[in-house]
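Visitor: Chains as they are written, first to last, in the working numbering: chain A, 33 to 378; chain B, 11 to 292.
Be aware that one or more of the hints could be misleading.
Below, simulated PhoX-like cross-link-like pairs (lysine-lysine); rule was C-alpha separation at most 20 Å, straight line [as the list claims (entries may be wrong)]:
id	chain 1	residue 1	chain 2	residue 2
1	A	113	B	290
2	A	247	A	266
3	A	117	B	25
4	B	25	A	152
It is worth saying that the hints were derived from the structure and are not from the lab. In this text the structure is predicted, and so the values were computed from the model without any measurement.
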Amino acid sequence: MSAGAARLPAVDSPIIRTEQLVKHFGAVQALKGVDLEVAAGSVFGLLGPNGAGKTTAVRILTTLIEPTGGRAEVAGFDVVKDAEKLRGQIGLAGQFAAVEQHLTGLENLEMVGRLYHLGKAEARRRATEVLDRFGLSEAANRPARTYSGGMKRRLDLGASLVGRPRVLFLDEPTTGLDPRSRLGLWEMIRELQSEGITLLLTTQYLEEADTLADKIAVIDLGTVIAHGTSDELKDQIGGEVLELRVADRSQMGHAMTTLAGVGGTPVIDEVAGSFKIPVGVQGASLLSEVVRRLDDAGVKLADLALHRPTLDDVFLSLTGHTAEEETGEGAAQGRGRRKRKKEGAA
Amino acid sequence: MSGGSVTPVGGSRLKWAFADAMVITRRNLLRFIRIPALFVFSVVQPLMFVLLFRYVFGGNLVPIPGVNYVNFLLPGIFVQTAIFGSTNTGIGLAEDLGSGIIDRFRSLPMARSGVLAGRTFADLGRNLVVVGLMIAVGYLVGFSFQAGPFNALAAVGLSLAVGYSFSWVSASIGLAIKDTESVQAASFTWIFPLTFMSSALVPVTGMPKVLQAVARNNPVTIWANTVRYLTIGRVYDPVHHVSILPAPGDTPASLVVKSSLWILALLLVFIPVSVRTYRKVA
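Chain A with its partners taken away, still in its complex shape:
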């Protein structure tokens, strides 16, 4: 009995937990054994490029698809065995606003309320409440197709809240939004967290994860390659980063040989004509030596900076490519979603 009691979930036990989650789509391995733990009431960022497996993970956690292997629990329910019960506890808002274009904002939310099995009056009450909260009251009786992109996204987010979920999944909530709408959405996400809702959001924007998430998991090619707080991740690549941009790109190679042995392995950005060297904590003392060596070698610099690493640097040093680059397994994310991808990009 006592052994059993020891395994009972503690107060701070994770509200989302996955163990060795695997998903295959035919020959494509979208997830190759993902372990995640998300604390109740936190904002968790799943960060990775297109095709990393973020959407696949969200689709499994929201019971849309079943994993090929491993297990996952959300709000105490197994995503496969207790899928039906779980659906009453979660909300999902996607990358592509899944609202019915030909229904009004109010009708959209009422429909979702009815599908949560709320009574007619309660469904209407909550729909009105949500519209009000998201500044859509005036547009309540207009068909959703007349809404702007930002409004549609807010309506979509609103729809995911009608059932008052304990856990909210946001799959790339700000993709394709203009900066103002993006900031507005960030504000809403913080507000929801303050109300005790646990949020899992996927993003390919490092800035977004950095700003919003308490904990971040970096995912690439179906594997979690790093996790922790934003600060922990930045520390992983060791203190500061020296960023150099040569004035003449043909001197890139020359510059790098000249600086061989200084700091860690440099990461090159061919397009920008720059490279970054992790330099640990003694960056400032190295600075003069770097300048002297390059000067002696006759390499002209366009820019030289010493800074604390951004998540971009973390991503680069972990994966060898930036977060925005499409990886080879881009197709892994979604069969049948290609059409939406195009719309999203437009």
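With the hints as your guide, set chain B onto chain A.
Guide: Showing chain B alone in chain A's frame:
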């Protein structure tokens, strides 16, 4: 904090499944009403068939002794229209898959059957409207039910049941192909031969021998002739071998039985196929 959503138990499960289906039906019907082009074209096409066949082919090409061609034509049009209308089920589902709204539905605590049931119910309602309009137009061009209100209702009911069973055929195709335009193209490759190689618009007796054999066994022929029987309440002139009974030994009663069995067979095959494809389609 937790959502006040109700998890259905036991007997109420069926009640909720029905309620969910009704919510989705309403949504689909609202779509139908609010997209004027969709409404107009779903009516224009069968209307065109009525007028073309009534006045272009008229009865010159296909004289049927003892029967006004318009009374021969309209029952066939009802069945054809219902089958054509059923293609909307597959197209609509493919569209919903593409728009992401099915993902939303699947993440909600609603009955899993709701999306498919709601879609097919809505298309049944839509077919009811379109067949109703065909009847109205039919009366304008000389058509009339001649076997009493009960048989008339049975004729309409049978046409709609045919459409409903084909909605599930269409759902299977739509869910398997998933791309709206491909679904549309795919639907017409089977729907044209199926409805034209039958007695829907012309008697099979005018067809080449081989085609006649196919047409006589085509379920569309059986349905069209049953609806004809229910419309005029009699079998045609046997002297001229223009009978609505497709095979020797058929009686009006056996026709009704065969019609029902074909509908039942389609439902028994394609409902499970659709449901299974829907489950896997994520």
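Visitor: Next step is simple, just say for each hint if it's right about the structure.
Guide: Evaluated hints:
1. With a C-alpha separation of about 16 Å, the suggested pair residue 113 (chain A) and residue 290 (chain B) falls inside the 20 Å cut-off, and the hint holds.
2. At most 20 Å may separate the alpha-carbon atoms for a hinted pair to count; residue 247 (chain A) and residue 266 (chain A) meet this at roughly 12 Å.
3. For the proposed pair residue 117 (chain A) and residue 25 (chain B), the alpha carbon gap of about 17 Å is at most 20 Å, so the pair holds.
4. With a C-alpha separation of about 15 Å, the suggested pair residue 25 (chain B) and residue 152 (chain A) falls inside the 20 Å cut-off, and the hint holds.
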